[in-house]
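Protein sequences, first through last, are from chains L and F.
Taking the numbering used here, the leading residue of the first sequence gets 1, the next gets one more, and so forth.
Taking the numbering used here, the leading residue of the second sequence gets 1001, the next gets one more, and so forth.
The hints are simulated quantities; they were obtained by calculation from the structure and are not laboratory data.
In silico DSS-like cross-links for lysine-lysine, where the CA-CA straight-line distance does not exceed 25 Å:
1. L:Lys144 / L:Lys169
2. F:Lys1204 / F:Lys1218
3. F:Lys1066 / F:Lys1122
4. F:Lys1204 / F:Lys1006
5. L:Lys144 / L:Lys170
6. F:Lys1061 / L:Lys13
7. L:Lys169 / L:Lys146
8. L:Lys144 / L:Lys44
9. F:Lys1066 / L:Lys12
10. L:Lys51 / L:Lys120
11. L:Lys146 / L:Lys170
12. F:Lys1066 / L:Lys13
13. L:Lys13 / F:Lys1122
14. L:Lys146 / L:Lys44
15. F:Lys1006 / F:Lys1122
16. L:Lys12 / F:Lys1061
17. L:Lys5 / F:Lys1066
18. L:Lys60 / L:Lys120
For reference, the chains in residue letters:
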Amino acid sequence: MKMDKQALDVTKKNALLLTAFAAVCTLLVALTHMFTAPIIEEQKQQDVLRKLTQVLVPAKFDNNPLYNCTYVTDFNITGSHDPVPVYRATLNNEPYAIVFQTQTQQGYNGRIELIVAMNKQGQVQGVRSIAHQETPGLGDKIEKRKSDWILSFNGLQVESKDDPKWYVKKDGGRFDQFTGATITPRAIVNQLRESVFYTTALFDEVFAKPNECSPIESPKGQNNDK
Amino acid sequence: MTSDWKEIIRSGLWTNNPALVQLLGLCPLLAVTNTFINALGLSLATLAVLVVSNLTVSLVKQWVTKEIRIPVFIMIIASFVTIIQLLMNAYTFGLYVSLGIFIPLIVTNCAIIGRAEAFASKNGPLESALDGLMMGIGFTAVLLLLGGAREIIGQGTLFDGAHLLFGSWATDMTIQIFEFEQQFLLAILPPGAFIGMGFIIALKNVIDNRQASKNAAKEQHKVERARVTTVN
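Hey, can you work out the whole structure from these sequences and the hints?
Listed below in structure tokens is the structure:
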């Protein structure tokens, strides 16, 4: 009986100690979180804005597309079943281009995420790869800093759902594949053909929708980058 | 006292180097050393966690009973890693994205819990902080060596992506050492890390062996002289 009481006391003391340590540690993390949360939010916004300005032609818009968006749920366009923000760039309040993120699972190493801008005529203004795990030295030439390949879409339109020109050369189209890596460019070209084709038809509709990213309330559902 | 401190420094940097001798924390070491800057970012984060966790563990060790010391140590380490992760996310966003999962994985770096358990829970706060710093520097040195070598061999550059860590002024810091059409994949991919690591450990052993045989030769020399004097 006495032994039991002693053991119980030790356990009690340890439990209290652990609780105290947990409380202090949690407090420290919570304080850091409170302090850094606005800065992190700001950084994420800046990051999205950097990506937006990369794919848009700077002289052709004068708004902040970060604060002008609408949510689209359309697998054909975004490659995702979730609502995805579509940003709208305007010049003198006239529609210039829409910018959207899309993704494909057909990469050599899984998912490739892209950001695409296109204007009212359906001409691609710019494309960039945002996230991928393609082989370094081969498939990663889709990055702008590694190669200019991703610029080869600029100014082009998708004329039909199966536009024969909108394939890699190996499949009879106009886009180069890389030496030693066909799967990566093929995945991107095929995804863009779909996305751009469906977005062209949707352009006016997207611009008619109300703004869901006004600066007062912080935009919900940030891009799901880590 | 001073000889103790010297021993701590020697142990962290060389004789008990966490990466080369204890072989701890190899997962991040091998994964992020594809460029110099990635290696620098992760090793600085690890170093900071090591110093702070060693210091904290040493400060609270008198209150922590034997039964609960491991969960307490892990809690302390995990908290500091989370704090560093938040700070990196806020202030070095590009590097945070580029290191990805390996920042939270610092928690699982056995070198940290190892030092907390083996050193900080038995020594004073100052010695523990110094031990953390030296272990951290030893770890950093190996990461930088491996990261630099793999970046140069693999893509012919050094300091690529420096702006991720230091801000936009460092964009031009990248040095193009040589250029080639096709990158040397073996160096960039994980097998290159294993091979490079093997070479570094081999190099350390060569140096150690040479030192040992030099010392042995010295000793022999002494013995000889001793014998001469006794004969006389």
